Amino acid sequence: MPKYSKFTQQELPACKPILTPKWVVSVFFLVGIIFVPVGVVSLLAARDVVEIVDRYDDACVPANMTDNKLAYIQNPNISKDCTRTLTITEDMKQPIFVYYQLDNFYQNHRRYVKSRNDGQLRDAAKANQTSACEPEKTTADGKPIVPCGLIAWSLFNDTYSFTRGNENLTVDKKDISWKSDREHKFGKNVYPSNFQNGLLKGGGTLDPAIPLSEQEDLIVWMRTAALPTFRKLYGRIYVDLKKNDTITVRLSNNYNTYNFGGKKKLVLSTATWLGGKNDFLGFAYVIVGGLCFFLAFAFTLLYFIKPRKLGDHNYLSWNRHPAGR
Amino acid sequence: MAEDHHGSSRHMSASQKELGDEDARVVRVGDAERTNERLEFAGNAVRTAKYSPLTFLPRNLFEQFHRLAYVYFLVIAVLNQLPQLAVFGRGASVMPLAFVLIVTAVKDAYEDWRRHRSDRAENSRLAAVLSPGAGGGEFAPTEWNRVRVGDVVRVASDESLPADMVLLATSDPTGVAYVQTLNLDGESNLKTRYAKQETLTTPPEQLAGAAVIRCERPNRNIYGFTANLELEGGESRRIPLGPSNIVLRGCELKNTAWAVGVVVYAGRETKAMLNNAGAPSKRSRLETQMNRETLFLSAILVALCSVVAALSGVWLRNHEHDLELAQFFHKKDYVSDDGNGNYNYYGIAAQIVFAFLMAVIVFQIMIPISLYISMELVRLGQAYFMIRDTNLYDASSDTRFQCRSLNINEDLGQVRCVFSDKTGTLTQNKMEFRCASIEGVDYSDIARQQPVGEGDRIWVPKKMPVSVDREIVELLRNGGETEQGRHAREFFLALATCNTIVPLILDGPDPKRKIIDYQGESPDEQALVSAAAAYGFVLVERTSGHIVIDVLGEKQRFDVLGLHEFDSDRKRMSVIIGCPDKTVKLFVKGADNSMFGVIDKTMNPDVVRATEKHLHAYSSLGLRTLVIGMRELSQEEFQEWQMAYEKASTALLGRGGLLRGVAANIERNLRLLGASGIEDKLQDGVPEAIEKLRQAGIKVWVLTGDKQETAISIGFSCKLLTREMTQIVINSNSRDSCRKSLDDAISMVNKLRSLSTDSQARVPLALVIDGNSLVYIFDTDHEDKLFEVAIACDVVLCCRVAPLQKAGIVDLIKKRTSDMTLAIGDGANDVSMIQMADVGIGISGQEGRQAVMASDFAMGQFRFLVPLLLVHGHWNYQRMGYMILYNFYRNATFVFVLFWYVLHTGFTLTTAITEWSSVLYSVIYTAVPTIVVAILDKDLGRRTLLKYPQLYGAGQREESYNLRLFIFFMIDSIWQSLAVFFIPYLAYRKSTIDSASLGDLWTLAVVILVNIHLAMDVIRWNWITHAAIWGSIVATLICVMVIDSIPILPGFWAIYKVMGTGLFWALLLAVIVVGMVPHFVAKAIREHFLPNDIQIAREMEKSQDSHDVTHPEVQMNTMARA
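Protein sequences appear in the order of chains A and B.
Quick note on full-length UniProt numbering: the first sequence kicks off at 1 and runs consecutively.
Quick note on full-length UniProt numbering: the second sequence kicks off at 1 and runs consecutively.
With a straight-line Cα cutoff of 30 Å, these simulated DSS-like cross-link-like pairs (lysine-lysine) come out:
1) Lys331(B) with Lys265(A)
2) Lys137(A) with Lys114(A)
3) Lys201(A) with Lys332(B)
4) Lys179(A) with Lys990(B)
5) Lys331(B) with Lys263(A)
6) Lys69(A) with Lys990(B)
7) Lys174(A) with Lys232(A)
8) Lys69(A) with Lys331(B)
9) Lys126(A) with Lys143(A)
10) Lys232(A) with Lys263(A)
11) Lys309(A) with Lys16(A)
12) Lys6(A) with Lys1102(B)
13) Lys282(B) with Lys785(B)
14) Lys990(B) with Lys232(A)
15) Lys947(B) with Lys309(A)
By construction, these hints were calculated from the structure, which means they are not laboratory data.
Remember, predicted model here, so these are calculated numbers, not experimental data.
All chains, full assembly: derive it from the sequences and hints.
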């Protein structure tokens, strides 16, 4: 005789929820009640964010070279300095985040995203460990590049400085990368070597005297972006800006995006608890909440129009068609 | 049986010519070496194990890779090893396949080890083999696996036979040996086998070398054997051997002190082993249908990959000139020697091919590999619950439910047609004498029954009826010379004499009392003889010439002057008895319709009429009826008969026909003695079970070897047939008449159908057909007609069918419909049908193990079919169906999320989700809940399912798994993947989000979403379900955290960082709500406005439960009633 237990007889105590009309309507109401206010709050928060975007890649090309931007950017003898003027549209409370934005730059391209070696970044003893770093693995004479790989090689190297009238707006470039990266991912005793010595320059150079853990621009850059249009933090300005202030940006337009039609933008933005200026979330919440309210009403109506007694055995198929008896 | 003998003798004469050519196997008695000179005969070692330690790895892998899915994953794992295509790391890509392979291999190894053990035990049993060299002819104990063809083997009583042997001699001077064939065909009574007179007298050591047996090649027919024996030496003679001269491996010698035989077939060539050839592995219908959906998924997969490949080609073409300098592409390899080669770029065409292959690797889990292992685990769990179910446990025989096949659990939920054996399946196969009609007086009144007084009996039959009719006892004792008393005595004398029963005297515990075991091929005869014994006519001894009967305490000797065996043409048997008072009497017993033809109705028409009435009453009760008649033979008559009989029995040609003629000549003008009613007791709960099955929409067909009348009466008693049914009877003796009756039946069906257009007034139809007609029908391609009639009938009863015909009938339905068939039986004759049907069930009861061995499931009682199908079958089907769909949906959702992302990476198959999460997704993140739910979830409780058998229709109508549901699940999956991907995408557009953080969000979102989807569909929440579903989500989070705690992975710390932002949580909530809304709305609408039966029953169950809580005493009552 098999031993009897509630488990073996599949009679464990269980809860058997049923989707009753009450449940359906209350669920929709509940979701609506949560979503609409959250959505409204998010929308308001997003509205509070002031964001100034300035695309400068085209504008910074000298007028005589607009037909051949590539020649402009590839010629080291042409000065890449460029001046932009921004007008503040709304009051901006500090801290003001300075981002650069790249469009159409596939930091998530398979060739690119794999081309790094995290072991080497962390540990000075593993400087020779350059596997997966192709095609920026070693110099032509076989010396290992530190940091190796396409990602580091393509380091963004435009620089910005800001003035309001005569006042210099200092950009604080400390603490723009993740603390965890500085402490655990990039070694304190790992120094750049053989970097950016190849035939083709991908981007910025690194000061070989500064350990990787303090090369914050590199650390930020190496947190590869998820999407082909992305921003990266350049620094913060700890000064409140007033509406209609005019900001002069002096930038050096070094980074080559002309070869693949990429765009470069400078972004000044404040931030809220929700992040930057994106009201998608707010709209989404309001719409979903509204939809749920609508569904709650619709179902209430439907339940009134076509009520059904729960568990009525007259609805069983063999009772519904008397012929089947 | 008689028919069989007849048939085989005819065959034998035909095949006798064929023997002797190279087809035959030549066995030199006692000379195994010369017999097997060419080493072509199998040894006697049996081997059921599949692997040896050496061959295990290659063979097991070979067998596992028969599964196409495994090949697919192997190919993908290999592709991934190519440097150009290496999407995943080595470990991550091989792990899932390796895991699945190892689990299966361990399971197979364990099973094979058990087979090895049983093989060893079987092969090392001992048998006494005549050692050829020894002068005296010693029988030396030899292990079974060393026994060879040609060896002479001596077997003692109660020993098993090591191989198929031709009997040479036995302890009985007439050469009789009794064998029990329980292991072979499941029949528990003893069979008589004979050694040939010619070999009987010669000592076996002299036969050795002097005799040659030519026999047919090994075959699986256990009822046929054709051979001849050539004795060399003085006169060269050929002695024909038939099935009655061979004893088969697996049988046991009984009641015979010893027997000597020569091995003709050994080991795997024995008939037992040939019949044992493993059941063809069955595949459940759900799995077959699943393959169709797998094809759809493959098509989707190919489509996705093609889209990615094509778009990547377009992208490359559009950016052709940019790629050299684009920092993220870096087309040229400046480090290589010429400084001008391309790095990992082979032109657009090659890149397209690579993109396609890489897409296959990335999207591989579109075809869910883990589903196969999940299904095996779920079936294991389901089997565990079926085995442990106390409702499937038979206390009377202490047998549990057995799951012998683990592949078709869910088929139990879709059965439409049940083919049942009768004897031993519907009935207990324990015949009992119930009542008698003697000389027109009915003795069936239960009120008059009294217990059998054992009192001063010397002879006690082993299976004694429990009660006797007081009035008959009175009549026999004190009736003296009244007419009625004399008739009663003759009636019981007839019962005691007119049979082929062999009484075996056993020593009981009481020395004064002897226990008699009545052995014979017919359980009915056993019952009749036992009944006669209970009434004081004890059959004590039988030899070929006489029988001894203890008549009411006085031993009397009767000479058996002649015996006409039962045959299916006459449907009766008779004996001619020389009584002690020198009279010669003919006793005849047989089926009523054949007997009334030979009874002299003019003698006493009142008695005949009364008896006919009683017979009708008996058969309506479901009793097996026999009519008994007699005639006193005059001296002349007897002598005339004797001459004819001797002439016929020595005839060389047409002996059977001649004997039948002699019998028919003497069996006439009989005086009706009376009739008997024997009950083959139904098993408990059979009528109720059949009723339930019928309510569940399952057609029940009964296939029996019994004769038509018995089959019909049993049909009535188990409520298969009812009085209002119209019976269509087809029993024809010729092809033409068969065709005619079939046509008649069709026109009748059509007429009835046209008459009753509204289904309410439909006349239920029952088809009764016999084996002979079936032979004609299958021979002459009238199968279609038969099918047409059969499906129009509510009940089909096939009687007098041979084992292979049973399979033929099952095949008839299987071939022509898509109905799921289930065959249930207990004897060896049901094996073919059990193997043919989609689901085979063996009853492990009175008869042997053959049916059980061939079955997919085995249980103790027929009535267990109801909980098995209606409860477990329903659950298994519903659970498995949902699990498969859910697995498809779950993996597809994940793949679509990956796909949307790929569209934003320049079509380069990058995944934001880490490769480890991709691999673990279907193995850890989401696997446990589906398995737990598929094992434990119940859509309805046992009580409800049994109360409303109609709910079984859900499985028959394929409500839990069909193409429509699949499409719904896929649409849901696409919607949810859109929600998972695009809500975070739109929110994080133009932000600083890094791919690891976004990947982690997507991972968590998709895992939570599919788990909540599952949670929404779970019907019963017990603590295990809670633990599995919420535990999985927690486990996923932990896994993601662990992966993000490894500093050398690019995504280091991302999850901690992103979880600290409000946006993450807001997006997660939005994804879940947006993803679930359509499913929730659809569910709410479906359940309330388009409820199916299961939904209604669930609600009823729920309200019942709340009722029970408030009124616990009511629940107790219903429990007690149930």
